[in-house]
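Peer 1: Here is how the chains run, residue by residue.
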Amino acid sequence: MNTAPPKLDLDALMERIRGEVAARKNVTGGIATAANGAPTAEPANPNPQQHKYRTRELLSLPDAEFLRTAYAIVFGHQPTVDAFVKQRDRLLTGQITRARMLREFLTDKDARPEAQFDGLSWQITQDRIDNSFPARAVRIVAKELHNIYLLPRRFRQLFARVETLEQKTVELASVVEARTRQLTGNFERSIRETKTQIGARADAMDRERYALSARIDSIVSRADVMDQARYALSARTDAIEGQNEKRLRELRTILTEHWRTIVDQKLRMEAILNDAQSALDLRKETPAISIPVGESDRLLDAFYVSFEDRYRGERIKIKNQQRVYLQYIATSVAATGGGSVIDIGCGRGEWLELLAESGFEARGFDLNRIAVEECRERGLDAKLGDAVQALAGTAENHISAITSFHVIEHLPFEAMVSLIDNSFRALRPGGALLFETPNPANLLVAAERFYFDPTHRNPLPSELTSHLLAARGFERVEVLPLHPVDWANGREYDDPMLSFLQDKLFGPQDYGVIGWKPA
Amino acid sequence: MKPRIAILAAVPPNGEKGGAERFFIGLRDALVNAGMAAELVEVCGDERDYNHIQETYLRFYDLDLRAFDGVISSKAPSYVARHPNHVCYLLHTMRVFYDMFDDVFPRPWPELHEQRRIVQALDTAALQVPKTKRVFAIGEEVAARLRNFNGIDAEVMHHPTSLTGLHEGAFKYLFLPGRLHPWKRIDLAIEAMKFISAPVDLVISGTGEDEDRLRRLAGGDTRIRFVGHVDDEELVSLYADALAVLFTPRNEDLGLVTLEAFLSGKPVITCVDSGEPSRVVRDEESGYVCAPDPRQIAPRIEQLLQSPVHAEAMGRRGMASIAAITWQRVAASLIDALGFATCPEFKAVWS
Numbered sequence: 075m076n077t078a079p080p081k082l083d084l085d086a087l088m089e090r091i092r093g094e095v096a097a098r099k100n101v102t103g104g105i106a107t108a109a110n111g112a113p114t115a116e117p118a119n120p121n122p123q124q125h126k127y128r129t130r131e132l133l134s135l136p137d138a139e140f141l142r143t144a145y146a147i148v149f150g151h152q153p154t155v156d157a158f159v160k161q162r163d164r165l166l167t168g169q170i171t172r173a174r175m176l177r178e179f180l181t182d183k184d185a186r187p188e189a190q191f192d193g194l195s196w197q198i199t200q201d202r203i204d205n206s207f208p209a210r211a212v213r214i215v216a217k218e219l220h221n222i223y224l225l226p227r228r229f230r231q232l233f234a235r236v237e238t239l240e241q242k243t244v245e246l247a248s249v250v251e252a253r254t255r256q257l258t259g260n261f262e263r264s265i266r267e268t269k270t271q272i273g274a275r276a277d278a279m280d281r282e283r284y285a286l287s288a289r290i291d292s293i294v295s296r297a298d299v300m301d302q303a304r305y306a307l308s309a310r311t312d313a314i315e316g317q318n319e320k321r322l323r324e325l326r327t328i329l330t331e332h333w334r335t336i337v338d339q340k341l342r343m344e345a346i347l348n349d350a351q352s353a354l355d356l357r358k359e360t361p362a363i364s365i366p367v368g369e370s371d372r373l374l375d376a377f378y379v380s381f382e383d384r385y386r387g388e389r390i391k392i393k394n395q396q397r398v399y400l401q402y403i404a405t406s407v408a409a410t411g412g413g414s415v416i417d418i419g420c421g422r423g424e425w426l427e428l429l430a431e432s433g434f435e436a437r438g439f440d441l442n443r444i445a446v447e448e449c450r451e452r453g454l455d456a457k458l459g460d461a462v463q464a465l466a467g468t469a470e471n472h473i474s475a476i477t478s479f480h481v482i483e484h485l486p487f488e489a490m491v492s493l494i495d496n497s498f499r500a501l502r503p504g505g506a507l508l509f510e511t512p513n514p515a516n517l518l519v520a521a522e523r524f525y526f527d528p529t530h531r532n533p534l535p536s537e538l539t540s541h542l543l544a545a546r547g548f549e550r551v552e553v554l555p556l557h558p559v560d561w562a563n564g565r566e567y568d569d570p571m572l573s574f575l576q577d578k579l580f581g582p583q584d585y586g587v588i589g590w591k592p593a
Numbered sequence: 008m009k010p011r012i013a014i015l016a017a018v019p020p021n022g023e024k025g026g027a028e029r030f031f032i033g034l035r036d037a038l039v040n041a042g043m044a045a046e047l048v049e050v051c052g053d054e055r056d057y058n059h060i061q062e063t064y065l066r067f068y069d070l071d072l073r074a075f076d077g078v079i080s081s082k083a084p085s086y087v088a089r090h091p092n093h094v095c096y097l098l099h100t101m102r103v104f105y106d107m108f109d110d111v112f113p114r115p116w117p118e119l120h121e122q123r124r125i126v127q128a129l130d131t132a133a134l135q136v137p138k139t140k141r142v143f144a145i146g147e148e149v150a151a152r153l154r155n156f157n158g159i160d161a162e163v164m165h166h167p168t169s170l171t172g173l174h175e176g177a178f179k180y181l182f183l184p185g186r187l188h189p190w191k192r193i194d195l196a197i198e199a200m201k202f203i204s205a206p207v208d209l210v211i212s213g214t215g216e217d218e219d220r221l222r223r224l225a226g227g228d229t230r231i232r233f234v235g236h237v238d239d240e241e242l243v244s245l246y247a248d249a250l251a252v253l254f255t256p257r258n259e260d261l262g263l264v265t266l267e268a269f270l271s272g273k274p275v276i277t278c279v280d281s282g283e284p285s286r287v288v289r290d291e292e293s294g295y296v297c298a299p300d301p302r303q304i305a306p307r308i309e310q311l312l313q314s315p316v317h318a319e320a321m322g323r324r325g326m327a328s329i330a331a332i333t334w335q336r337v338a339a340s341l342i343d344a345l346g347f348a349t350c351p352e353f354k355a356v357w358s
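Chains A and B, in that order, are what the protein sequence lines are. If you read the first sequence in my numbering, its first letter stands for residue 75, the second for the next number, and so on. If you read the second sequence in my numbering, its first letter stands for residue 8, the second for the next number, and so on.
Isolated chain A (complex conformation):
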């Protein structure tokens, strides 16, 4: 099995198998075929003893047998696979006739001397005559004549074939018809079945539809019920709201009554204090009754805080308005090397809170106990006390900035001057003094709003305050008109009189005034 068999060459493959089988059986001259009574001719078994063969016998064999027999006769053995394939191919391709091949074998140097074929020369001569022109011509003519002779038979065969085909066609048609009938039957049956199924399905769907519409009906009726419930509920809500409003009104009334009662109580207490005072004056020798000094000043603390709550505005709004001053504080703190800020009349502590949030150290003073308490609760540094006294007690050149919002309009003129002077003393050089006060340049403020607060003294025009600061030693005095009436501000009028009136009625309602202690 060392050499691969030539691809797809059946003869070569079979010769190899023959070789293997022969080797196994130790037989040189091929094998006998046992064929179970089959009519097998066995021409491929030359008798090794017989040296003379009739050429015609040999030439009638198939190629493979011819070659094997010729080899056995001439050389006394079977051809190798290669030799077999080579010689067979020569015969197949017409390179050589069998007779010539036999003569070639006989003249080979390995040929057995006793091998010979009867009539070989005659055969070769005949081959040559067969291939000569006249012989070929005669053969061709004879063949054509024979073909003409055969024509009627061919026609008969053709007719027979046509008939056969016709018969086949008829039979096929009947088969097709039968199949068509069968298919039609199947088709009709499946249509019937499908119809039945569709009918059943439609019934089922109808049932489902009825069930669904029943459900929808029930849902609709439930929705109606819910609607009614909703109406009832909203009516009830309205009723409750009405009741609540009524109750609120009642509560407000009660509250007002209580408030008035408290005020009344305070007034009564004030009267009692006055009586006690005069009694003390009368009996100086008996100092048994001691009335706390200054207590009378605090009688309106609660009122004032509530008042501020009502009129000063919301805490967050105030803080936003005061942001405008932070830049002055920053400048003064920077100019004075980082000192603290004092706020006089700190009130509810909006400004202290803003300063703390902005990183400044600040302390507030107020005379109102309730206000101071509120500031402390917010974690702010606030002290109960008079600002002027506090400043007087402060070391000279100690404070970076002093601020006071809506305080000076409460002070007598001398007290205001004293406040300015004490501030100047306490401030470090480069420090700032800042006041904010209602702006009487706005007629509505000057004529009305200013007097909402009964503790206000006189409206202070910015010309007065700014001149006063400058006169008491402050320099670079600046006035900041602030808080115009939002809804009217910014309208343009062609008439200068209207513009003037707009400014006078709706212009800035407060102003700030700032002065700097010379560095």
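In case anyone wonders, no lab produced these hints; they're calculated from the structure. All clues stand as given, with none of them false.
In silico DSBU-like cross-links for lysine-lysine, where the CA-CA straight-line distance does not exceed 35 Å:
(1) K217(A) - K138(B)
(2) K354(B) - K9(B)
(3) K217(A) - K9(B)
(4) K138(B) - K354(B)
(5) K242(A) - K138(B)
Please read all numbers here as calculations on a predicted model, not as lab measurements.
Knowing the structure of chain A, use the given hints to seat chain B on it.
Peer 2: Leaving out everything else, chain B in the frame of chain A:
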């Protein structure tokens, strides 16, 4: 003069008659009926080992068939015979060297590979034009194998059974005819019986190397009856009274059992990997094509047990589906391929 046609028949050395022998006789009779002078040329086809296979190849190759006008080969390796007018109606090649190689030789030695290569090369060379003018195959299974292993296209042509007298009788028991060989997978049917409680008999006919194992597998189940070898008459009557025929081989080439069952009006239960039967049987129409699993087969049997009317209808549909498979058609096709269709002697008989 009638064309003389040789039908090459490889016969087993022991002279045993099997399915192939019926085929040869059926084919010869059909050709004779069609007006041909057809005769069987029987040659010993010994396949017991490679040496004998070689000799069998040589025996066919060396046949002198010059006395014949045409030659029809069929079983391996009859197609290596030499004749200028040769067509092959292939029953099968030697399957141990093809699809069953891995099964038979789980651990093949190198020489076997070489032998397989030689056998396949021989078959491929022999079945080429002009050595063989045309190649027919008895089923899609055989044609596919020829296409895959040898690169040769064959025309598929089913042939009918040669068993005559098949008819429809009662619907009583499950029938499983055939050679008792592992490839026939008779154990699937026996195992399926274990999942069936109904008192239905499983009748197994035939003999073979797998018999002892199958009898052991059946154990004491009295419903399973091995009736051994039966003659044609008995076979026909066994078919006639069966409820259904079980036929669950592996990669069966054609499976005459299917055709015989249908001609007896019986449904056939087969498996998806059973080869040609799985193509001939239409699932749920003329029988059942199930997975090769007893658990899948058992419910099908029970279905038929519960409704013999259903079984009858399936059997009838099966019978109708194979009406076109006749010897006349096979003979006519082969005669045409050999070029004898134009002979005045040719009698085309169509059923």
